[in-house]
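Enquirer: Each chain, letter by letter, is given below.
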Amino acid sequence: MSAQNDDSAGVTRRHTLECMLWAGTGMVWTLVGGVPGSMPLAKAAALNPSKTFSFVQISDSHVGFDKPANPDTLGTLREAVASIKTLPTKPAFFLHTGDITHLSKESQFDDADQILKELGAPVFYVPGEHDVLDDNPGQSYLARYGKGTSGAGWRSFDHEGVHFIGCVNVVDLKAGGLGNLGADQIAWLAADLKPLSSSTPIVVFAHIPLWSIYPEWGWGTEDSARVLDLLKRFGSVTVLNGHIHQVMQKVEGAVTFHTARSTAFPQPAPGTAASPGPMKVPPGLLRTFLGITDVTFQRGEDRLAVVDHTLAGEGTSK
Amino acid sequence: MIQPSDISAWRIRHKQANTSPAASCLSVAILLMSSSLCFAQPVTIHVDNFTFTPVETTVAPGTTITWVNDDDIPHTVVATDGTFKSKALDTEDQFTVTMTEPGEYVYFCSLHPRMTGKIIVKAP
Ligand SMILES: [Cu+2]
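Line by line, the protein sequences are chains P and Y. Numbering of the first sequence is given in this note's numbering, commencing with residue 1 and proceeding in unit increments. Numbering of the second sequence is given in this note's numbering, commencing with residue 319 and proceeding in unit increments.
Worth flagging that the hints you see were computed from the coordinates, not collected in a lab. It is possible that some hints are incorrect.
20 Å max Cα-Cα, derived SDA-like pairs, lysine to any residue [what the hints assert, rightly or not]: (1) P:Lys-67 x Y:Asp-399; (2) P:Lys-174 x Y:Ser-404; (3) P:Lys-67 x Y:Thr-414; (4) P:Lys-67 x Y:Asp-390; (5) P:Lys-174 x Y:Asp-399; (6) Y:Lys-403 x Y:Ala-441; (7) P:Lys-174 x Y:Thr-401; (8) Y:Lys-440 x Y:Lys-405; (9) P:Lys-85 x P:Gly-75; (10) P:Lys-105 x Y:Lys-440; (11) P:Lys-67 x Y:Asn-367; (12) Y:Lys-403 x P:Leu-103; (13) Y:Lys-436 x Y:Ala-397; (14) Y:Lys-405 x P:Asn-136; (15) P:Lys-280 x Y:Thr-401; (16) P:Lys-232 x P:Glu-216; (17) P:Lys-174 x P:Lys-232; (18) P:Lys-90 x P:Val-162; (19) Y:Lys-436 x Y:Thr-401; (20) P:Lys-174 x Y:Val-373; (21) P:Lys-174 x Y:Arg-432; (22) P:Lys-67 x Y:Asp-366; (23) Y:Lys-405 x P:Asp-135; (24) Y:Lys-436 x P:Gly-176; (25) Y:Lys-403 x P:Gly-176.
Sequences and hints are given; from them, build the entire structure.
Expert: Next comes the structure, spelled out in structure tokens:
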């Protein structure tokens, strides 16, 4: 009895390293062995480049949104692409974590594609709820981005020994509920992970956060616990989400959760407004709330450096 | 805006009071107003701040209900039993249905499923 208590206390100590970091402009977060700390980007760039690769997460472009919070979402997406071209390490590829468009219109997908093709490297997408609003939900999205995916668009791929998994948690949502993965996708994920060694670094990306940030605003996923259960044997797991249009991070054991900024408009911090609708900020400050996330993997050091850059240039010169 | 449900609640309270002839007269007037509202008056439900207002509405069969999106983000209106389903409603877009069959209809926004509402259709 007491041994059992001791054991569970030990587990608790090992796994209580949890922190929630609220968005702040110009912060640079680096993960070393799963423990976050701030680090200037100059130092991140100085890491041995021959054993690293980086990729960039873009999220919540909302092409087609034209309300006062940001009347020119195409312009800010263009700025995001331009800012990516100034990064010290050229990204090997890109992840777009959904809400590419605002209303799933063909013209909105066209406009987004026109800008994103300038990136000059592959983009792996997962849909946001705004990308599956067509009459036959998700058909337009899948026609464009569904190649090599299963079901509603979930997929996995490998890059330099890192296993990437794109999950879809925005379709078939139930009244009163949160984001939803569904039994089919979870069965697929279990089979996908099965052959992997526990030392394989894992990166999971999905639109709605896979951890409970603020269920009152729908900021969580009903069945994410089943995914985390499947991932708990792995030594390095990074979960990248969008949807909430602000940076939030939590580290729980070997799992790092991180949400990216939007390239379109900010949303309020949980519970600080009447609703999670677009947050209006003075035009001069808008770009300090928008941005992209640059992730660098360095082999042999179990290190994924997650660096958030704003469109105002913050995060690049600290 | 006065909703039929508000009036019927008041009517019940009034009946219980069971007072003067003047009050009874008022009662009859409200009953008449209530039934005319139920049969003829279309109902508007506003969608704002990720909330349906009123969140629950009781109407007579044949009532036309219109949802208006006052929010600066799109929403949908989807009955859980499939009775009605709107397209994505952008700001100021509307969706109208006429409710004929008595029953309770729970609906939600398929983009933001925490947003739910209910329509009760019953003869007055
Ligand atoms: Cu909604």
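Enquirer: Does each hint hold? Answer for all of them.
Expert: Going down the list of hints, with the structure as the test:
1. P:Lys-67 x Y:Asp-399: Not satisfied, since the Cα-Cα distance of roughly 33 Å exceeds 20 Å.
2. P:Lys-174 x Y:Ser-404: holds (16 Å)
3. P:Lys-67 x Y:Thr-414: Violated. Lys-67 of chain P to Thr-414 of chain Y sits at ~25 Å, over the 20 Å cutoff.
4. P:Lys-67 x Y:Asp-390: Cα-Cα ~7 Å, so holds.
5. P:Lys-174 x Y:Asp-399: holds (12 Å)
6. Y:Lys-403 x Y:Ala-441: violated (24 Å)
7. P:Lys-174 x Y:Thr-401: Distance ~16 Å between Lys-174 of chain P and Thr-401 of chain Y Cα, so the pair holds.
8. Y:Lys-440 x Y:Lys-405: Violated, at about 26 Å.
9. P:Lys-85 x P:Gly-75: Measuring from Cα to Cα gives roughly 16 Å; hence the hint holds.
10. P:Lys-105 x Y:Lys-440: violated (39 Å)
11. P:Lys-67 x Y:Asn-367: Answer holds: Lys-67 of chain P to Asn-367 of chain Y is near 15 Å, not above 20 Å.
12. Y:Lys-403 x P:Leu-103: holds (16 Å)
13. Y:Lys-436 x Y:Ala-397: holds (9 Å)
14. Y:Lys-405 x P:Asn-136: Distance ~11 Å between Lys-405 of chain Y and Asn-136 of chain P Cα, so the pair holds.
15. P:Lys-280 x Y:Thr-401: The given pair, whose Cα atoms are some 37 Å apart, is violated under the 20 Å limit.
16. P:Lys-232 x P:Glu-216: violated (27 Å)
17. P:Lys-174 x P:Lys-232: Outside the cut-off at roughly 27 Å; violated.
18. P:Lys-90 x P:Val-162: holds (18 Å)
19. Y:Lys-436 x Y:Thr-401: holds (13 Å)
20. P:Lys-174 x Y:Val-373: holds (18 Å)
21. P:Lys-174 x Y:Arg-432: holds (9 Å)
22. P:Lys-67 x Y:Asp-366: holds (15 Å)
23. Y:Lys-405 x P:Asp-135: With Cα atoms ~7 Å apart, Lys-405 of chain Y and Asp-135 of chain P stay inside 20 Å; holds.
24. Y:Lys-436 x P:Gly-176: The hint holds at about 12 Å.
25. Y:Lys-403 x P:Gly-176: Measuring from Cα to Cα gives roughly 16 Å; hence the hint holds.
Of the numbered hints given earlier, the model fails hints 1, 3, 6, 8, 10, 15, 16 and 17; all others are met.
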